[in-house]
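Q: Using the sequences and the hints given, assemble the complete structure.
If you read the sequence shown in this note's numbering, its first letter stands for residue 32, the second for the next number, and so on.
A few of these clues could be false.
List of simulated lysine to any residue pairs, SDA-like, C-alpha gap at most 20 Å [as the list claims (entries may be wrong)]: (1) K167 to T197; (2) K443 to R398; (3) K104 to N148; (4) K417 to H385; (5) K480 to L367; (6) K485 to H385; (7) K176 to A193; (8) K176 to G305; (9) K199 to E152; (10) K153 to P130.
Simulated from the structure, these hints should not be mistaken for lab results.
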Amino acid sequence: MPKASSKFVCNSCGAEYVRWQGKCGACQNWDSLQEVPVVATGKSGKWKVESGGRASPLISLDKVDSKNFERIKTNIGEFDRVLGGGVVLGSLVLLGGDPGIGKSTLLLQSLVGISKNKDIEKILYISGEESAQQIKLRAERLKIKEEKIFLLSENDLGNIVATIETEKPNLVIVDSIQTVYSANIASASGSIAQVKNATENLMRIAKTTNTPIFIIGHVTKDGGIAGPKTLEHLVDVVLYLEGDRYQSFRILRGIKNRFGKTSEVGIFEMEQEGMVEVANPSKVFLEERLEGASGVAVSAIVEGNRPFLVEIQALAAKSYFGYPKRTASGYDLNRLNLLIAIIEKRAGVDLSTHDVYLNIVGGIKVRENAVDLAVALAIISAVKNKALDSKTAIFGELGLSGEVRSVPNLEKRIEEATRLGFQTIVLPRMAKSVSIKSKAKVIETKTLKEIVGKSV
32 MPKASSKFVC NSCGAEYVRW QGKCGACQNW DSLQEVPVVA TGKSGKWKVE SGGRASPLIS
92 LDKVDSKNFE RIKTNIGEFD RVLGGGVVLG SLVLLGGDPG IGKSTLLLQS LVGISKNKDI
152 EKILYISGEE SAQQIKLRAE RLKIKEEKIF LLSENDLGNI VATIETEKPN LVIVDSIQTV
212 YSANIASASG SIAQVKNATE NLMRIAKTTN TPIFIIGHVT KDGGIAGPKT LEHLVDVVLY
272 LEGDRYQSFR ILRGIKNRFG KTSEVGIFEM EQEGMVEVAN PSKVFLEERL EGASGVAVSA
332 IVEGNRPFLV EIQALAAKSY FGYPKRTASG YDLNRLNLLI AIIEKRAGVD LSTHDVYLNI
392 VGGIKVRENA VDLAVALAII SAVKNKALDS KTAIFGELGL SGEVRSVPNL EKRIEEATRL
452 GFQTIVLPRM AKSVSIKSKA KVIETKTLKE IVGKSV
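A: Set out below in structure tokens:
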């Protein structure tokens, strides 16, 4: 007879241990290990051989129907872009993000557009966190009045599954997966076992009834979906809603999509009436820019396949302490310290007596190195109190020797800057020829010191 044993699993990252310990060695969280029963295979320790099955029919790859999946449009352009043209029937979509970032708001708004599809008769919104009255208050704030949307405040997985099978809605939203529990699982709601079991059951319902299901997932302090990593492998689509909750802009990013590209992003702005899609983010990010101010530079970042311009602001103030302060908002602080070292060593600009503050306007987080040159020139401009040309866009990565290196998607960045009316483009001097079709004046530079002499 198999022996019953147990293991300890981290609620945050899913790491497994043979005995309890106070701190998870994988994610460094305290008191996150939970005991989970395990059934051993027996004395021999060998796997049990499966038998009694039947062979399944095969189908030739050439005969597989490759027509497009049937999709339901949300009628929110930015949302449909990330989904690949709409939500696919029978798909399970996971939407993650920080608390208060706007996940529930975005999905509630999308139901209005979805309900306009002629084949949609009933949409079910299941909330384990809020009552029907609370959801109604949010809907009134968002000016949502739709008879096709039905509410259910429920945590029990069995009741949720029974309701979906009985009511047969055209689309389901579960808010959130961490609040759903099953009485058959001996652990609290939100635990790894409960989250995984709930997701597996919802996946089964989605596939057997051909009903698309959205599930909302909370994220950990590291930005990952709370629960086991296998949760992301179970679902068809994984979306993250990113941004600073104290800023207005949000980025919807596709991490996984079995029915479309994962290189698309959607830009939204949180306003009083809810999420508003931003079709031209470059114009929005730059519309309040103060021309003629020192410490300001413009560069372009590429999110997925989509380029847009960002304003980079730097401020250099005299330091009254022995160790100057460096602060960055929307930019990696370690990268900022590296660029400051390059500026001092390769451009000959002394920053040892200055506090340096860097800000990416709009609450956008910049992760790529293509803005290195723009950041460096903004800092130097702030130190010298000399403004850069307001009609100049700057692209380039900086190496430790002070050289300006090429960046990917250069043509897209140049095209976006030209479209917004920038008359001068500063970019790396290419080792290989690149086709640049732009009416703007192009200034090529090999080193940081070279362009500092021309621009600042």
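Q: State for each hint whether it applies.
A: Verification of the hints:
1. K167 to T197: Distance ~24 Å between K167 and T197 Cα, so the pair is violated.
2. K443 to R398: Holds - the C-alpha atoms of R398 and K443 are around 17 Å apart, at most 20 Å.
3. K104 to N148: 7 Å, holds
4. K417 to H385: 16 Å, holds
5. K480 to L367: 18 Å, holds
6. K485 to H385: Status violated; Cα separation ~23 Å.
7. K176 to A193: Judged against 20 Å, a Cα distance of about 27 Å means the pair is violated.
8. K176 to G305: Holds, at roughly 14 Å.
9. K199 to E152: Roughly 10 Å separates the two Cα atoms, so the pair holds.
10. K153 to P130: 28 Å, violated
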